[in-house]
Structure formats: structure tokens, C-alpha cells
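Trainee: Chain residues, written in single-letter form:
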Amino acid sequence: DAGVIQSPRHEVTEMGQEVTLRCKPISGHNSLFWYRQTMMRGLELLIYFNNNVPIDDSGMPEDRFSAKMPNASFSTLKIQPSEPRDSAVYFCASSTGGLFNYGYTFGSGTRLTVV
Amino acid sequence: DAKTTQPNSMESNEEEPVHLPCNHSTISGTDYIHWYRQLPSQGPEYVIHGLTSNVNNRMASLAIAEDRKSSTLILHRATLRDAAVYYCILRDGDFGNEKLTFGTGTRLTIIP
Numbered sequence: 001d002a003g004v005i006q007s008p009r010h011e012v013t014e015m016g017q018e019v020t021l022r023c024k025p026i027s028g029h030n031s032l033f034w035y036r037q038t039m040m041r042g043l044e045l046l047i048y049f050n051n052n053v054p055i056d057d058s059g060m061p062e063d064r065f066s067a068k069m070p071n072a073s074f075s076t077l078k079i080q081p082s083e084p085r086d087s088a089v090y091f092c093a094s095s096t097g098g099l100f101n102y103g104y105t106f107g108s109g110t111r112l113t114v115v
Numbered sequence: 116d117a118k119t120t121q122p123n124s125m126e127s128n129e130e131e132p133v134h135l136p137c138n139h140s141t142i143s144g145t146d147y148i149h150w151y152r153q154l155p156s157q158g159p160e161y162v163i164h165g166l167t168s169n170v171n172n173r174m175a176s177l178a179i180a181e182d183r184k185s186s187t188l189i190l191h192r193a194t195l196r197d198a199a200v201y202y203c204i205l206r207d208g209d210f211g212n213e214k215l216t217f218g219t220g221t222r223l224t225i226i227p
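For the record, the sequence lines run as chains A and E.
As numbered in the numbering used here, the first sequence has no gaps in its residue numbers, which increase by one up to the final residue, 115.
As numbered in the numbering used here, the second sequence has no gaps in its residue numbers, which increase by one up to the final residue, 227.
Careful: at least some of the hints might be erroneous.
Said to hold, decoys possible - So the derived label-pair ranges between C-beta atoms look like this:
(1) Gly-28(A) to Thr-216(E): 23 to 29 Å
(2) Asn-51(A) to Glu-160(E): 23 to 29 Å
(3) Ser-87(A) to Gln-157(E): 17 to 23 Å
(4) Ser-58(A) to Glu-130(E): 43 to 49 Å
(5) Asn-123(E) to Ser-87(A): 23 to 29 Å
Since the hints were derived computationally from the structure, they do not count as laboratory data.
Cβ atoms here follow ideal geometry from the backbone N, Cα and C, with glycine treated the same way.
Please model the complete structure; the sequences and the hints are all you need to start from.
Mentor: Encoded structure:
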């Protein structure tokens, strides 16, 4: 199993540009989570999906952020327009969820720098 | 969400056991206790979880107090590769509410 795959690993963009982060969850996992990590705020949950449906997006900082999961094997997190304060490491995670409560598997993250 | 309290940092000597404490006095009956760790420059990694009984796996052991208001993650023989931030998290067992909320964790330093 290749694990959770995120792309790109690193992204440097200019303020005002659109940024799209991508995630491929583990096959068979029905829950997907997007987190953001900064030194100041630690790990923050942005949004999560169950069976491709967004369940809780209360962590999305503002309207500039949007996330989609068009099918069970792909999700995107988009920032438009990007700002320097969006610079962080963005992690995607997946799990089987539900009654068995297995652990999450995290991807390696995307380090975003907005200049 | 029920909260957890962990020490900010701990040190341990290499090849010795490490006991990482976590307090969760407001835990509810459906909350699972999860532990994750984050090695430098990596994403968090699942370590272990439990509900009421003590649990063992190849990475660690989880000892849960009888009243479930505290738990301890036990690394039986620490190595330098165990240096990481360890997070103790409560996760609601109800379907549709599986989100994990990370706190600040305990930064574990292993002394050679």
C-alpha cells in the first residue's frame, strides 16, 4: 500500500495566486481529513469528508479556502487568492472511520510558502 | 470536545522505558483514547488506541486508568528514533463524528 499520497510536496507561490493541493487517500478508506500545521497554531482540522460528503468544514479559515472530494480516490484543497499568512504545512489523512475507530493515516504533507 | 492535558516536554535515556502521561478527566463513555506521534518533518503517525482495557501493539502499550480519567503511553525501550511530539487525543466513537482534535502534545527527547 502506497499510503496517503499528497502533491506537490513543496509549493512556492506569489500572493494572490490560486493554489491547489491534492490528496489520494488509501483505497477503502471512507473518511478523509485536511489539516494545517503552523508553529503558532499547531495542527488544525480544516475539513473532513465521509463517503465523499463534507461533514464538518468549521475549521476552514475563510471563503478563500475550498475543498472537494469528487470521488473516493481524490480530494483537493484550493486557496484563491493565496496570502502570506496561508504559509503552512498542509496534511491530508484518511481512515476507515465508523464503529471500529481505526487510526488515521497521514500523508507526508505539502509545504506551502506564499511570498 | 473533551480535553486532554499532557506535559509540554519530557526527556528519557536511550534504551530505558518511557511513560508518557495524559489526563482526560472529562472523558465520556464513547470517547476512545488515541495516541499519535509526529517525528521531525513528517506527518503524524498513529501509535495506539483504546477504550477501557489496556492495549499492546508492536510500537507501544497503552495503560488506561480504571476510571478512564487518565492514561499512560509506554515505550518499553526508547531509541533515538522515538524522539518526537506525542499527542494524546480523545475521539468520539459515534459514526459521523470521528474527527481528531490535536493539542500541543509532549515533546520527547531521547538522550543517548
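Trainee: So, for every hint listed, does it hold in this structure?
Mentor: For each hint, the structure was consulted:
| no. | hint | in the structure |
| --- | --- | --- |
| 1 | Gly-28(A) to Thr-216(E): 23 to 29 Å | holds (25 Å) |
| 2 | Asn-51(A) to Glu-160(E): 23 to 29 Å | holds (25 Å) |
| 3 | Ser-87(A) to Gln-157(E): 17 to 23 Å | holds (19 Å) |
| 4 | Ser-58(A) to Glu-130(E): 43 to 49 Å | holds (44 Å) |
| 5 | Asn-123(E) to Ser-87(A): 23 to 29 Å | holds (25 Å) |
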